[in-house]
Amino acid sequence: MRSKIAALLAVCVGLGFALTGCGSDDKADTKAAFVYVGPVGDAGWTYAHDVGRQYAEEKTGVETAYVEAVPEGTADFANYVRDFIDQGFNVIIGTSFGYMDDMLALADEYPDVVFEHVSGYKMNDTNFGNTFGRMYEPRYLSGMVAGATTQSGLIGYVAAFPIPEVIRGINAFTLGVQAANPSAQVEVIWTSTWFDPAVEGDSAQAMLDKGADVIAMHQDSTAAGEKAEAAGARWVSYNSDMSAFAPNAFLTAPVWNWGPRYVEIIEAAKAGNYSPTSFWGSMADGTVDLAPIASDVDQSVVDMVMEAKAAIIAGDLHPFTGPLNDQDGNQVLGAGEVMDDGTMLGMMFFVEGVIGSTG
Amino acid sequence: MNEASLIGLLVATVSFGALLYLAALGELLAEKAGVLNLGVEGMMAIGAVTAFIAGVELENPWAALVVAMISGAALASVHGFFTVALGAEQVVSGLSLTILGIGLAAYLGKDYVGLPPGAKLEPVQWGGLSDLPWVGPIFFNQAPLVYLALVMGVAVSLVLSNTRLGLALRAAGESASSTDSAGHSVLGLRLSAVAAGGALAGASGAYLTLSLTPQWAEGLTAGRGWIAVALVIFGAWRPGRVAWGALLFGGTLALKTRLQTFGVDFSPIILSMLPYLLTLAILLAISVRSRKRPSPSPTALGLAYRREER
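Sequences listed follow chains A and B, in order.
The numbering of the first sequence is the numbering used here, which starts it at 1 and goes up by one.
The numbering of the second sequence is the numbering used here, which starts it at 1001 and goes up by one.
If we strip away everything but chain A, and leave its shape as in the complex, we get (with noise of 0.2 Å):
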């Protein structure tokens, strides 16, 4: 009898809610929260999530909360996300992959909520779109500055799990290096890991002993950066200007913005007209970009990276057009050939040039 009445209650509260859901057309107080795969603390990219995160609280005045270091595939997700919606938020974007599908269902669930998932591919046609960017094109110029800076011609990349966002990362830089010089190759070497400094520092000791010169990542740790600084090696980074951790060896780095697509989905909810897309942004709109180059680069590097980086901009120059080969020299664009984004998104081979294997 007593549940009966608890669900009863259940019924009528819920109801309530969904009742004043849908009567409200006062999108005044609407809140933004935000879930973090990792720590804000991580120096990396949920770091760069939640300098966007306040980036968008000071440009919208939309009040914002976060929760990190939440697991996928847990239960914690979809608890957090009621938690936030329990409080009155009505904007929750989740920020790593593996939330996708939870994050689906939940937008079913609550109708009048908008859901902004980012680095995922799902998406519904009424409040649940997705986020991501072209890290390939600053990859690409940071692969032009590498290729232009090595002595030895080996480049290290010390890499982070062979999936498409990492591989696509690879082969654009990649591409960059021999944009740049020919005659430079590019050897992979995988962490499996993405964040684990002890390995990932010693995965770059392994490079330059191997005689690499230029070391590139996809982690969020800076641990490469300080083996590079203490062998006089080059070094691009990842994910924000970390210049600070090796002054000598830092070259530049491809970085994320997130701020002002925060603030397109938070002004597009609080204006009541959010319709997903599946956004995918670029240097054009700033959601990438590149970090400065390092003073001591010779200036006519500097004036081709720049070159190549308003031709990006401009929609003439796309890293990935033919002619292009993959590592086992099988064609994979015809000459003038522009990649769709959709073999891009779903990238598992490397170009030629890569030394390694993609698992």
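Among the hints, a few may not be true.
[As the list claims (entries may be wrong)] Cross-link-like lysine-lysine pairs, in silico, DSSO-like; alpha carbons within 27 Å at most:
# : chain 1 : residue 1 : chain 2 : residue 2
1 : B       : K1120     : A       : K210
2 : A       : K309      : A       : K210
3 : A       : K270      : A       : K122
4 : B       : K1110     : B       : K1120
5 : A       : K31       : B       : K1110
6 : A       : K270      : A       : K31
7 : A       : K59       : A       : K210
8 : B       : K1110     : A       : K59
[Unchecked claim] A few chain A residues that face chain B, going by a derived Cβ cut-off under 10 Å, partial list only:
#  : residue
9  : V40
10 : V188
11 : I189
12 : S203
13 : Q205
14 : A206
15 : L208
16 : A244
17 : P247
18 : A310
19 : A311
Hints are computed from structural coordinates only; laboratory data are not their basis.
For every residue, glycine included, the Cβ atom is placed at its ideal position computed from N, Cα and C.
Use these hints to put chain B onto chain A, whose structure you have.
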């Protein structure tokens, strides 16, 4: 594979080996006295963060190391208080210590994430020795904490086997009641061993933020503390054997990604399982062997001692 790559592998083996050895040695001390402390990971995290903070604030790496060791000992003493003084379940308390240590480290370090290190312990130069081919880079160009690990290993070994204090300590781990009858303070012996073990785990953490990966971010210790716990079993509670085990485990850690640069296509994921698989194999060997011979583990390990329950 070129010569530089092979030397690099051995340099990393010794360096990682020392990192694991410091923490394992601390765990060995506590276990020899009869206290299992599963909080190594937490104590390492606290050592790492306090060393980094002290490095930034004091700009003196040696002061930072001392701060880390004191912090590690202080955290370990929480475990000591609960398990030795109050007789709480050691496994539960140790696991709590890991969670507490990691969380506390994240809290303390919040304002220090993304900062460059204020102080580093740079590799020691041994004059001409450092220039020798092979042995120079491998043994005579390492961070100071590598040599500290060596010194501590010899010291712990000597104290345990050649001194009265060592005898009393081991007795406390074998039979607390007879130690008590012999007039030694089981409480004092165990608390000191646990605190000293915490200091060594703190030093291991400091090795990370002062030399190996001079930065602070959550998750920096990445499970190395658990390897240290496994190493004590692997080394059958003997400082010498644990040292060889540390080198072996350090080697697999270094080999994990380096194998790729040698042109060997072997999953780094399998290699990272290797230390744990080896430990399981050793546990199996110990349990099979102990049917004939006594197990090498301290008899009173994990057992609380209360005088009135004798």
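A quick look at each hint next to the structure:
1. For the hint pairing K1120 of chain B with K210 of chain A, the CA-to-CA distance comes to about 26 Å; that is within 27 Å, so the pair holds.
2. Using a Cα cut-off of 27 Å, the hinted pair K309 of chain A and K210 of chain A is violated, with the two alpha carbons roughly 32 Å apart.
3. Between K270 of chain A and K122 of chain A the CA atoms are separated by roughly 23 Å; this keeps the pair inside 27 Å, and the hint holds.
4. Restraint check for K1110 of chain B and K1120 of chain B: satisfied, since their Cα atoms lie roughly 20 Å apart, inside the 27 Å limit.
5. Simply put, K31 of chain A and K1110 of chain B have alpha-carbon atoms about 25 Å apart, close enough for the 27 Å limit, and the pair holds.
6. For the suggested pair K270 of chain A and K31 of chain A, the alpha carbons sit about 9 Å apart, so the restraint of at most 27 Å is met.
7. Between K59 of chain A and K210 of chain A the CA atoms are separated by roughly 48 Å; this puts the pair beyond 27 Å, and the hint is violated.
8. For the suggested pair K1110 of chain B and K59 of chain A, the alpha carbons sit about 25 Å apart, so the restraint of at most 27 Å is met.
9. Below 10 Å, beta-carbon pairs count as interface contacts, and V40 of chain A has one with chain B at about 8 Å; its hint therefore holds.
10. The restraint placing V188 of chain A at the interface with chain B holds, with a minimum CB-CB distance near 8 Å, inside the 10 Å limit.
11. Using the Cβ-Cβ criterion of 10 Å, the hint placing I189 of chain A at the interface with chain B is satisfied: the shortest such distance is roughly 5 Å.
12. Restraint check, S203 of chain A versus chain B: the minimum CB separation of about 4 Å is within 10 Å; hint holds.
13. For Q205 of chain A, the interface hint holds, the least distance from its beta-carbon to any beta-carbon of chain B being 6 Å, beneath 10 Å.
14. The restraint placing A206 of chain A at the interface with chain B holds, with a minimum CB-CB distance near 4 Å, inside the 10 Å limit.
15. Because the beta carbon of L208 of chain A sits about 8 Å from the nearest beta carbon in chain B, less than 10 Å, this interface hint is met.
16. The beta carbon of A244 of chain A is positioned within 10 Å of a beta carbon in chain B (closest approach about 5 Å), and the interface hint is therefore held.
17. With 10 Å as the threshold, the beta carbon of P247 of chain A comes within range of chain B, its nearest partner Cβ sitting at about 8 Å, so the hint holds.
18. For the restraint placing A310 of chain A at the interface with chain B, the shortest Cβ-Cβ distance is roughly 31 Å, beyond the 10 Å limit, so the hint is violated.
19. Hint status for A311 of chain A: violated, given a least beta-carbon distance of 33 Å to chain B, over 10 Å.
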